[in-house]
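Undergrad: If you read the sequences in order, they're chains A and B.
Residue numbers for the first sequence follow my numbering, beginning at 32 and rising by one.
Residue numbers for the second sequence follow my numbering, beginning at 32 and rising by one.
It is possible that some hints are incorrect.
No copy labels: a pair is met if it fits in one copy or bridges any two.
As the list claims (entries may be wrong) - Quick list of in silico lysine to any residue cross-link-like pairs, SDA-like style, CA-CA up to 20 Å:
(1) K71 with N83
(2) K144 with L40
(3) K52 with E122
(4) K134 with T178
(5) K144 with S130
(6) K144 with C55
(7) K74 with Y202
(8) K81 with E102
(9) K127 with A78
(10) K71 with E173
(11) K221 with R38
(12) K81 with G218
Note that these hints are calculated values from the structure, not bench results.
Number of protein chains: 2
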Amino acid sequence: MKILEERILKDGVVRAGNVLKVDCFLNHQMDISLFQDMAKEWKKRFADKKINKILTIEASGIAIACIAATEFDNIPVVFAKKNESLNIDGEIYSSKVSSFTKKRVYDVFVSKKYLTPEDHVLIIDDFLAVGSALNGLIDIVEQSGATVEGLGIAIEKGFQGGGDKLREKGYQLESLAIVDVLDAENGTIKFRE
Amino acid sequence: MKILEERILKDGVVRAGNVLKVDCFLNHQMDISLFQDMAKEWKKRFADKKINKILTIEASGIAIACIAATEFDNIPVVFAKKNESLNIDGEIYSSKVSSFTKKRVYDVFVSKKYLTPEDHVLIIDDFLAVGSALNGLIDIVEQSGATVEGLGIAIEKGFQGGGDKLREKGYQLESLAIVDVLDAENGTIKFRE
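Let the sequences and hints guide you as you build the complete structure.
TA: Dropping the structure here:
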């Protein structure tokens, strides 16, 4: 998606350790007009899918998932939580996720009330690298008996391989920008054609 | 706001310890159409204010803040983060917040890049009880030299007093539902007139 790639080139900052900082428009300060364009693009790419629910993960997935929902007839958005909360009771689906940026493993969970075998789910997240968070969300949807209709990612770090593994498994993965080269030394960012 | 009050009466669950669970439409599964109605109501109530940025706090504030932004000409939304992250560098504004549901104190922070003395800020959050999170956000805005134009809350637990203290200080606080009685024994919820 050209406008997202241009924005990454304009405002993204490359850091050592394969880190791409986009906190000025994606995951700290958020550009809602850009998110609306991204939502329209996902709507187009998943036009033939019957989707009735969006699943994402806290925190920065929530913003793009909610704006995406406005293009999908305001279907409900569920976000997977990362820490056990006193406010969640009853049964949950859970999975283990390891964070690339925070260097730790944590549990993510969704209340069983909000995913059922009747659901057709679009999973949305901001970043895809090795795919740990996304695989955790897929695991949770499959535990529930719901159907994964597609995966919508803002920025995929293609060179880390998580996306291609999911494509090989047959999932429709729509990453709006796929970064194949990220070079901290000279700040180079190259996108997949 | 009548439709939010009706939704709380229909789907909210009262738990011991002044807990009001609204995770089926507000902070786990999210009703985007309801959030759009809430956004329109805040737009109306803050019609005379010049607002150029929305500030919220992760995680559940993000959804309503982003949908709110769509009613305020898609102004940028910034969310305060709760834990130090390897992806945030440079200088930050920070404040201490104690969580009512999680019974702990944590730091919240915003990068100095995203709040400046020129900003006129609407602070949005899902819940207001004693006001710890909201006071932390106000503290951060005031550290930056920006102006707090208003406070938009979905559900205020009026009987816990945080909201009235902020009104006494002169802030324009617009809570869309103010719960004045929450009785776990018989499940009673009463709203302020």
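Undergrad: For each hint, tell me whether it holds in the structure or not.
TA: A quick look at each hint next to the structure:
1. With identical chains, the CA atoms of K71 and N83 are at most 20 Å apart within one copy only, with a shortest distance of 16 Å there and 25 Å across copies.
2. For a Cα distance limit of 20 Å, the shortest separation of K144 from L40 across copies, 19 Å, qualifies, whereas the shortest one inside one copy, 41 Å, does not.
3. For the identical chains of this complex, K52 and E122 are inter-copy neighbours only, at 15 Å across copies versus 36 Å inside a copy, given an alpha-carbon limit of 20 Å.
4. In this assembly of identical chains, the alpha carbons of K134 and T178 never lie at most 20 Å apart, being 30 Å within a copy and 36 Å across copies at closest.
5. Proximity of K144 to S130 under the C-alpha cut-off of 20 Å is found in neither arrangement, the shortest distances being 26 Å within a copy and 25 Å between copies.
6. Taking the shortest alpha-carbon separations for K144 and C55, only the inter-copy value of 8 Å comes in at or below 20 Å, while the best intra-copy value is 35 Å.
7. When the C-alpha separation of K74 and Y202 is checked against a cutoff of 20 Å, the pair qualifies only within one copy, where the shortest distance is 16 Å, while the shortest distance between copies is 40 Å.
8. Taking CA atoms no more than 20 Å apart as the test, K81 paired with E102 passes inside one copy only; the shortest distance there is 13 Å, against 28 Å between copies.
9. For the homomeric pair K127 and A78, neither the shortest alpha-carbon distance inside one copy (31 Å) nor that between copies (45 Å) is at most 20 Å.
10. Taking CA atoms no more than 20 Å apart as the test, K71 paired with E173 passes in neither setting, with 26 Å inside one copy and 37 Å between copies.
11. With identical chains, the CA atoms of K221 and R38 are at most 20 Å apart within one copy only, with a shortest distance of 13 Å there and 48 Å across copies.
12. Proximity of K81 and G218 under a CA criterion of 20 Å is satisfied in neither setting, with 41 Å inside one chain copy and 38 Å between copies.
Checked against the numbered hints above, the structure breaks hints 4, 5, 9, 10 and 12 and satisfies the rest.
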